[in-house]
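Protein chains: 4
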Amino acid sequence: MSEVESDERYRYFLPITTRWMDNDVYGHINNVTYYSYFDTVANHYLIHEGGLDIHTASIIGLVVESKCSYRAPLAYPDRLRAGLRVDKLGNRSVTYGIGIFKEGESQAAAHGYFVHVFVDRQTRKAVAMPERLREALARITVA
Amino acid sequence: MSEVESDERYRYFLPITTRWMDNDVYGHINNVTYYSYFDTVANHYLIHEGGLDIHTASIIGLVVESKCSYRAPLAYPDRLRAGLRVDKLGNRSVTYGIGIFKEGESQAAAHGYFVHVFVDRQTRKAVAMPERLREALARITVA
Amino acid sequence: MSEVESDERYRYFLPITTRWMDNDVYGHINNVTYYSYFDTVANHYLIHEGGLDIHTASIIGLVVESKCSYRAPLAYPDRLRAGLRVDKLGNRSVTYGIGIFKEGESQAAAHGYFVHVFVDRQTRKAVAMPERLREALARITVA
Amino acid sequence: MSEVESDERYRYFLPITTRWMDNDVYGHINNVTYYSYFDTVANHYLIHEGGLDIHTASIIGLVVESKCSYRAPLAYPDRLRAGLRVDKLGNRSVTYGIGIFKEGESQAAAHGYFVHVFVDRQTRKAVAMPERLREALARITVA
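Going down the list, the protein sequences come from chains A, B, C and D.
Take any residue in the first sequence, count from 1 to its spot, add 1271: that is its number in the working numbering.
Take any residue in the second sequence, count from 1 to its spot, add 1271: that is its number in the working numbering.
Take any residue in the third sequence, count from 1 to its spot, add 1271: that is its number in the working numbering.
Take any residue in the fourth sequence, count from 1 to its spot, add 1271: that is its number in the working numbering.
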């Protein structure tokens, strides 16, 4: 991960509204909460572009690793954008790159990644992701 | 509270974006999370319309009671609106009425209230709210 | 609900460990978070005493109403106890009474209730609760 | 980070009680929530062993980077332990190593780290940490 991440490096954006309880005792959005934005933008893409039904699909995405670097503080009631790209795409797993931007800004206030391994909902064994899902992820894959 | 709450009964609206982790193991937004929407819309109004600085103001609003009735399920990735009104306005306290609406719907999926008592940030004793704040609340008070 | 709730009025207790992010910008546990303690103690009882399997049981408990009154502030890293009783027991629904206590104290810092309606996991229609579950709830019902 | 982390590698342990809402729609503790355990154990140590007053101290710890690797699923109502050590100790910053263990198990279900930079509460400029705090961190530093 580079030290600076501009929004040009992301391929899909989702508005995120902050919440009162996102702020911690030090007055800024708690570091934990950024990861909930990560989950939110990636699954939004899987659902709306990849055709994933999170309630009934035979596969589910399990997170095996995640990381975030925090560059600038954010605070409720800021309005945010989460940017998504794919950094690495396998048959059974995907690494998402994610940037969190304050509305109107082009430099990420935080950026990181997480890795989804797709598994069978019942057996929890790794399986190849469906074609439609993989194609959707391929469209936002960055070299 | 009536059994049905339409959006005509609210005076201020805020978009709320849902998050992956809002859904619980039963597939819908957890009952707890609605209260985070309550906090979010009310403080948004206090900050943007009432001039409250949540970091430095000499007064803070403490919640002394809250209630919610759940009418219809919501789930991530639904887009929501939170509607706000004031049901009762005192000098030191306010009761907010709040409805949570799925985007595009006029009947609340959930509605409830909470009571803020304004206290001095240091002593935590109840104090009269500032004039500007009270005027903002008066503007959305419903008879 | 009375104004004061002592721990003598509850029949089942669960330790709750607070978390850094429970504290909000005003330095105390956010009002929203108390409801997560409510959910936690009640489902703990349903699972451990009532035999509920939250992953596979044919019934699930949906929350239709909840309320909380806040009497004294709590803050991370306080250690807490949640007290549980049943205030009203039907065939398809139950009203839990819950008190949140700072460790070593007998007066609740907050108390409230919530109502579970048991429904079929697939149809989401109200159904009678299983005998074992109802017996467990009957054991902690307070006149 | 090695692939396997046993509890022998940690120097301070804190019990963590899971919550109903920790479970996500796939039935396990959401990946985001682990980071709230990270915050909780590290600040617990800073407060109880390092003498940090999170409400009034002139310094605060800001998180600049965090990472977690997930090895085995956990789910409410599991009881957990968080293990803490210091991997790297500077004058103004510290890298904590953290493992999350299911009660009774010695292999971490998840492990990771986060970096605190200590800053002045008002100016938010990096400052040297107080002697007592640094000594406490030195006691759990692992070569």
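Some hints here could point you the wrong way.
Copies of the same chain look alike in the list, so a pair counts if it fits in one copy or across any two.
[Claimed, not checked] Quick list of in silico lysine-lysine cross-link-like pairs, DSS-like style, CA-CA up to 30 Å: (1) 1396 x 1359; (2) 1396 x 1373; (3) 1373 x 1338.
Since the hints were derived computationally from the structure, they do not count as laboratory data.
Note to self: Treating 30 Å as the Cα threshold, decide for residue 1396 and residue 1359: within, between, both or neither.
What the structure shows: within (20 Å within a copy, 36 Å between copies)
Margin query: I want to check one pair: residue 1373 and residue 1338. Are their C-alpha atoms no more than 30 Å apart within a copy, between two copies, both, or neither?
Written below: So residue 1373 and residue 1338 pass the 30 Å test inside a copy (19 Å) and across (22 Å) alike.
Checklist line | Intra- versus inter-subunit Cα pairing at 30 Å for residue 1396 with residue 1373 | finding: between (38 Å within a copy, 21 Å between copies)
Of the numbered hints stated above, none is contradicted by the structure.
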